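One-letter residues, chain by chain:
There are 2 protein chains.
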Amino acid sequence: MKKILVFGAGRSATTLIWTLGDLAKQEKWQVTVADASGDLVQQKVSGRPGLEGVEVNVESDEERSALIKRHDFVISMLPWSLHALVAEDCLHLGKHLITASYVNAEMKDLAAKARKKGLFFMGELGLDPGLDHMSALRLIRQIKETGGTITSFHSYAGGLIAEDCDNNPWHYKITWNPRNIILAGQGTIQYRHNGALRLLPYHHLFSSAMPIAIGGKDRYEVYPNRDSLKYISMYGLKGVPSIMRGTVRIRGFSKAWDALVKLGLTDSLTPLGVEEPLSWKQFIAGFLPNDPSYSVRQLCADYLSLPADDVVMDQLEWMGLFSDEPIGDFGLTPADYLQNLLVDRWKLDPHDRDLVVMEHRIHYEQNGKVREIRSSLEHEGTDPDKTAMADLVGLPLAHATRLFLNGRLDAVTLPVPFEPCIAEPILDAMESDGICFRESVVAPSDPPSFHTLMN
Amino acid sequence: MKKILVFGAGRSATTLIWTLGDLAKQEKWQVTVADASGDLVQQKVSGRPGLEGVEVNVESDEERSALIKRHDFVISMLPWSLHALVAEDCLHLGKHLITASYVNAEMKDLAAKARKKGLFFMGELGLDPGLDHMSALRLIRQIKETGGTITSFHSYAGGLIAEDCDNNPWHYKITWNPRNIILAGQGTIQYRHNGALRLLPYHHLFSSAMPIAIGGKDRYEVYPNRDSLKYISMYGLKGVPSIMRGTVRIRGFSKAWDALVKLGLTDSLTPLGVEEPLSWKQFIAGFLPNDPSYSVRQLCADYLSLPADDVVMDQLEWMGLFSDEPIGDFGLTPADYLQNLLVDRWKLDPHDRDLVVMEHRIHYEQNGKVREIRSSLEHEGTDPDKTAMADLVGLPLAHATRLFLNGRLDAVTLPVPFEPCIAEPILDAMESDGICFRESVVAPSDPPSFHTLMN
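Protein chains in written order, with this note's numbering: chain A, 1 to 455; chain B, 1 to 455.
Extracted from the complex, chain A is given alone in its bound form:
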């Protein structure tokens, strides 16, 4: 009997927990799920043989290490800032550890020490980071092995709402960490295009989004992620003229989000110094010229240089920016008020299913010809519990667990799933689950440049 411990029973852990439970009997596993909320953990394990739930205060050294000591293999789904606590214990107690989070310098250092003790320590085993690496690196390897020279690497991904559940004018609902949605893109966006460094300031990012078709569906748009340049060394793409990773939204989202940025609603620095209750309409009026002869909606449209009947104005109206609803507690930042509003407006309905899309587009020269390969994944969730996001975060972790405990990952040396000896069996197992990237080779089209639409 192998004893597996999962820390964290939150939204993105559901598929992982249930898959481990399904495999427990045939694999001879005992699986424990530990979370700060005993209620949450019971919801996730109840009625599922092979799973045991426990409540734990993971910041208590005693509770945490006592729990780890009783197991062989640990999967941490905790917020990334808590991984190091778990990793220190695992190193000390001689337990294997995997996570779905970025491997920072601290975790890299712990992983190196763990490898010397013969332990399996790995991060970036979820969706993004995780599946994005494994699928992109497979393509890159295939092209290089067949003598191709890569001239452009673009990779797009997004967590969205399934087409038949898309019933609001933003074409968006919250399927992952809402704070990351509110603060997305803050800073300087950097990528390469046709050999040149390309930089975009935050206040131009969302107006730069370009229409795009994925998997034959011409309904998406994409804007560049904050830092695409770090993938040059990560993916071995030095000298490749065009490199960009981008975020996918359903078309129409980014122009409206740009309006929120232009208004100033995504600022997370300044607590509002107002000491009387304020409605959303009053709050928005604060950002606009003060002219009582026009409605706030009209003043806002003028401010944004949009016609009053523009679809963006309908999106803003729908979310309640011109309503008499109170903005809530005193002393929060604009970004806090916006988050509280959108967590309510963009809530998943009981039968909603989410959608994850990912597409890599690689241009390469081979035998004097230029080709473009596209590799795309579209995966829909089952319901608001078993989401596409939870599937694609949890299944790579579950397969890595199974493969390691069956002795099939001995040759792995890196703390991230970059080597074929781990990526290939995981991608194969995902295919058996019905989660496949579909590849096509097309006549190369220019990758979008996000500076053409500026101003």
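Honestly, I wouldn't trust all of these hints.
Stated by the list, open to error - Heads up, simulated EDC-like pairs for lysine to aspartate or glutamate below, C-alpha to C-alpha not over 20 Å straight-line:
| # | chain 1 | residue 1 | chain 2 | residue 2 |
| --- | --- | --- | --- | --- |
| 1 | B | K113 | B | E88 |
| 2 | B | K230 | A | E276 |
| 3 | B | K113 | B | D410 |
| 4 | B | K262 | A | E88 |
| 5 | B | K3 | B | D72 |
| 6 | A | K3 | A | D22 |
| 7 | A | K144 | A | E431 |
| 8 | B | K2 | B | D22 |
| 9 | B | K347 | B | D383 |
| 10 | B | K28 | B | D72 |
| 11 | A | K238 | B | D22 |
| 12 | B | K217 | B | E163 |
| 13 | A | K230 | B | D329 |
| 14 | B | K116 | B | E163 |
| 15 | A | K108 | A | E88 |
| 16 | B | K238 | A | E372 |
| 17 | B | K25 | B | D72 |
| 18 | A | K230 | B | E275 |
| 19 | B | K238 | A | E276 |
| 20 | B | K230 | A | D329 |
| 21 | A | K238 | B | E276 |
| 22 | A | K281 | A | D291 |
| 23 | A | K3 | A | D89 |
| 24 | B | K255 | B | D329 |
| 25 | A | K230 | B | E276 |
| 26 | B | K230 | A | D352 |
Keep in mind the hints are simulated off the structure, nothing from the lab. Fair warning: this is a prediction, and the values are worked out from it, not measured in the lab.
Starting from the known structure of chain A, fit chain B onto it as the hints suggest.
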């Protein structure tokens, strides 16, 4: 003999140190100046009787408390984050303490404990915060005492370059903390105008600057500070329809700074992920459409929607944005590169003198009439050592020291100089130094609203 200890011998401490030295004999003081740099402290005290310099590691508990123990009265000119260390010692050892920094919650708490022990603990005794409070509150008191009702409070201040030393197209040089210059205004700007909450996002701040005359000189402009609303409770202005504090620049600065913001050069979040040397021209080209048939200056003018011969383009050219000079070390943020460039470009020349301007404009109703009182200060420095900034930070501290040690501040109860019993004698003493606010009552003109020029 009273023993006075000054921590910190940096740029803004010069006038304070020399004034304490000048007063030492008549007041029967021994004055010690302590700094991490023994060289710096010797520069400041050498040839000046009454002053002794010592090198100290202020973060060493032993060194710091040994030094404090030997003195009666401590003035901390250290970075604000180090004040608490000094304050804890002063509380423990029974020493008086003043600073020129904002009194945060921690210092407020320590001040309350100190007062119970009969100690004089006070912050915000410099220029801004300091002189701004004392002079504004005196006007507010005068108006209230004569039955006036305040309807608008505006207060503007700026650290500038004297008119006859103003020899660059930005009309600006660095006379204070360069980091604060680069990051000025980031967040959401908030003030009140005609009874309404007014909010401005950072990316609209500098284009909102309004022309303004101060002291009869029609050469300035002003943009609103980040948080004017906190002065409602601080200054007892509840119900006053218009409240704004603003930053003064010489006209033409803000439009050019707006160009730097629009380009994205003030972002301090994202380290640049470039691994080959980059010239300023290449860096700026990164933000612009990539079209080799136009010069970077022309592309930049188009991006900013400015004519190619606009004065802003000359300001950008002058600072070197279109030059082949390298931007420097790898991996810094755009704000870091901008700061390094401007610290060089905006350096004071050996004979440069700086200028501090401050003006309060208060509208009030009295006996059925509406009046506006303006109270303005213009003060020029002597040279790059004895700057106007150092005078106006240091003299209130020096006078507070003298007044307290002469037993003239016994009635003070607040940890900030808001009470007439401290503000009036300090303002009177400043007048004896020739530093006076000039008051005039004028027909009221509408205070500028910074939303009228938006878009």
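Going through the hints against the structure:
Distance hint between K113(B) and E88(B) is fulfilled; the C-alpha atoms sit about 10 Å from each other, no more than 20 Å. For a cut-off of 20 Å, the pair hint linking K230(B) to E276(A) stands: about 14 Å separates their Cα positions. The straight-line distance between the Cα atoms of K113(B) and D410(B) is roughly 16 Å, inside the 20 Å bound, and the hint therefore holds. For the given pair, K262(B) sits about 45 Å from E88(A) by alpha-carbon distance, which is inconsistent with the 20 Å threshold.
This hinted pair checks out: K3(B) and D72(B) have alpha carbons roughly 5 Å apart, not beyond 20 Å. For the hint pairing K3(A) with D22(A), the CA-to-CA distance comes to about 15 Å; that is within 20 Å, so the pair holds. Restraint check for K144(A) and E431(A): not satisfied, since their Cα atoms lie roughly 23 Å apart, outside the 20 Å limit. For the given pair, K2(B) sits about 15 Å from D22(B) by alpha-carbon distance, which is consistent with the 20 Å threshold.
Proposed proximity of K347(B) and D383(B) is supported: the alpha carbons are some 13 Å apart, at most 20 Å. A hinted pair counts as satisfied when its Cα atoms are at most 20 Å apart, and K28(B) with D72(B) qualifies at roughly 13 Å. Distance restraint check for K238(A) and D22(B): the Cα-Cα separation of roughly 64 Å exceeds the 20 Å cut-off, and the hinted pair is therefore not satisfied. At most 20 Å may separate the alpha-carbon atoms for a hinted pair to count; K217(B) and E163(B) meet this at roughly 11 Å.
The straight-line distance between the Cα atoms of K230(A) and D329(B) is roughly 17 Å, inside the 20 Å bound, and the hint therefore holds. With a C-alpha separation of about 48 Å, the suggested pairing of K116(B) with E163(B) is violated against the 20 Å cut-off. Proposed proximity of K108(A) and E88(A) is supported: the alpha carbons are some 12 Å apart, at most 20 Å. With a C-alpha separation of about 65 Å, the suggested pair K238(B) and E372(A) falls outside the 20 Å cut-off, and the hint is violated.
For a cut-off of 20 Å, the pair hint linking K25(B) to D72(B) stands: about 17 Å separates their Cα positions. At roughly 10 Å between alpha-carbon atoms, K230(A) and E275(B) fall within 20 Å of each other, so this suggested pair holds. Note on K238(B) and E276(A): the hinted pairing holds, with a Cα-Cα distance of about 12 Å set against a maximum of 20 Å. Restraint check for K230(B) and D329(A): the C-alpha separation of about 17 Å stays at or below 20 Å, so the hint holds.
Proximity of K238(A) to E276(B) is assessed by CA-CA distance (about 12 Å); at most 20 Å being required, the pair is judged to hold. Only pairs whose Cα atoms come within 20 Å are accepted, and K281(A) paired with D291(A) is accepted, the gap being roughly 14 Å. Proximity of K3(A) to D89(A) is assessed by CA-CA distance (about 16 Å); at most 20 Å being required, the pair is judged to hold. Taken as a hint, the K255(B) and D329(B) pair is broken in the structure, with Cα atoms around 29 Å apart against an allowance of 20 Å.
About 14 Å separates the Cα atoms of K230(A) and E276(B), which keeps this hinted pair within 20 Å; it holds. Straight-line distance between C-alpha atoms of K230(B) and D352(A) comes to about 45 Å, which puts the hinted pair past the 20 Å bound.
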